[in-house]
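> Chains V and Y are the protein sequences, given in the same order.
Under the working numbering, think of the first position of the first sequence as 4, with each following residue one higher.
Under the working numbering, think of the first position of the second sequence as -12, with each following residue one higher.
A few of these clues could be false.
[To be verified] Heads up, simulated DSSO-like pairs for lysine-lysine below, C-alpha to C-alpha not over 30 Å straight-line:
hint	chain 1	residue 1	chain 2	residue 2
1	V	Lys158	V	Lys102
2	Y	Lys132	Y	Lys65
3	V	Lys327	Y	Lys68
4	V	Lys327	Y	Lys7
5	V	Lys88	V	Lys102
6	Y	Lys(-7)	V	Lys327
7	Y	Lys68	Y	Lys82
None of these hints come from the bench; they were simulated from the model.
Keep in mind the model is a prediction, meaning the values are calculated, not measured.
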Amino acid sequence: MEYLRELLTQQVAGYDQLPEVLQIFLPMLLACLLCLGLVAFIPLVAIWGERKVSAHMQDRLGPMRVGGWHGWAQTIADGVKLLLKEDIVPAQADRLLFKLAPLVVFAGGFAAFVVLPFGESFIVSDLNIGVLYIAAISSLGVVGIIMAGWASNNKYALFGGMRAAAQIVSYEIPTVLAILTVVIPVGSLSMQEIVRAQSGGVFNWFIFQPVTFLAFWVVYLGTLAEVNRTPFDIPEAESELVAGYHTEYSGMRFAFFFLAEYANMFLVSALATTLFLGGWHGPGFLPGPAWFILKATALVFVQMWLRWTLPRLRVDQLMHVSWKVLLPISFLLVLAAGTLALWREGSP
Amino acid sequence: MKRYFKDIFQSIWTVLQGMKITGLHLFTRSCTLQYPSVKWELPERSRMRLFNKIEDCIGCGQCVRACPVDCIYMTTEKRNKEEPPIFAADGTPIKLRVTQFDIDMSLCCYCNLCTYPCPTHCLVMTPEYEFAVQAKQDFLYRFAKDEPQAPPKPAPSPRPAGAR
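The shape of chain V in the complex, shown without the other chains (with noise of 0.2 Å):
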């Protein structure tokens, strides 16, 4: 943000002479404008590239027709079905909550793409608490789905509300555990310290590393539960809940839930990224950002694969993984971090 300030100032004559007040506030809104952008159009290729990659795995086609080539602008159109849409509010639901949850399940994942490091000055704000504020942040969609389950006034809606915070909340505890593992050697919760960390070449990057490569598959298959995709799951699971969590909703209220899943996938693949796969750190013959979100689509790439792979997880088996699994995984692999690092500290 103070980048796009100091290039206000440069650029626009006169932006110096304006009020204090706006010039702080227009880059914010620049900036936030730019994240919408960004937050509505990731989820449109995302979903193209999912029925795309899970149609090809199933040796199908997908989508053809609409747009022209290969089908790109079915999304859109079915964006604009579901905007046409009658907005339907069951009788018996908690209205305020019910017309509620859509919009904190969004806000959830759209107020954590402010710390993504796009590249070197292509951050909206770089907090010194980054890391927290994106464990913090996303958690919040966890009360935007119990919302959504308990208004509903719907078994179905409310197993999958249950179901998506016990989920959520167990995979959580991993998950930063193995985080942590990245912030003891760097010292910072900062993204933008992170990912300097991990500059000058490719095996510097937290992935090539002895103890934070075992933490980036904790850490992948934590955000893998924590934005229920297959095998995690189990708070939509079609086969058993109808829908889950957003069974009584339609319209433009079900694209909300739809675009906030998508746009979690890529959040937590860009997460992914930033710890581990150094995150806009790249060869130079393509820009920052460039190589961030080819990176990022990677980790979503293979987030699809999974899920086209693996069947559904039992209720159990789930909790099995993450408290007996990955849990005490998590807490060696933090030992082990912090016992390097006083290592690396002691014989310098």
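Got chain V; can you put chain Y on it based on the hints?
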């Protein structure tokens, strides 16, 4: 403890195996046929829409009797002795004038039973399958060309056309 680690490695290994299979299928040629622009070439003897070559029809009514769902409606009258003799393609003399030969394809069950008894092989099933219509009565295909010349007798057909 050994079992615990074995389970972890086994699950990772099986997931990778599954991903290998789906990954290979990602680059397999799709088997989808993009229907309206690409179509199946149907076999020559597919049982689709019925067609009657009315010039060869001798009006024997065997198809009407064979039809299990009564979807063929036929009305005939005797040709006068003075009229010039006509023959079907295989030489069978045509003694009856077919004034009505309607097939309701919305009732047809595509069993092909009507075409076997046909002595002149004029009633056949064609591979034509794209004949969806907007209104149900458009499924009634009329094949007869001759107008009735004698004053009409009470209809001998089991069900008159249009009555359903």
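> Confirm or reject each hint.
Outcome of the hint check:
The hinted pair formed by Lys158 of chain V and Lys102 of chain V meets the criterion: a straight-line CA distance of about 18 Å does not exceed 30 Å. For the hint pairing Lys132 of chain Y with Lys65 of chain Y, the CA-to-CA distance comes to about 15 Å; that is within 30 Å, so the pair holds. With a C-alpha separation of about 99 Å, the suggested pairing of Lys327 of chain V with Lys68 of chain Y is violated against the 30 Å cut-off. For the suggested pair Lys327 of chain V and Lys7 of chain Y, the alpha carbons sit about 27 Å apart, so the restraint of at most 30 Å is met.
Distance check on the hinted pair: Lys88 of chain V and Lys102 of chain V sit about 16 Å apart at the alpha-carbon level, within 30 Å; holds. Distance check on the hinted pair: Lys(-7) of chain Y and Lys327 of chain V sit about 14 Å apart at the alpha-carbon level, within 30 Å; holds. The straight-line distance between the Cα atoms of Lys68 of chain Y and Lys82 of chain Y is roughly 9 Å, inside the 30 Å bound, and the hint therefore holds.
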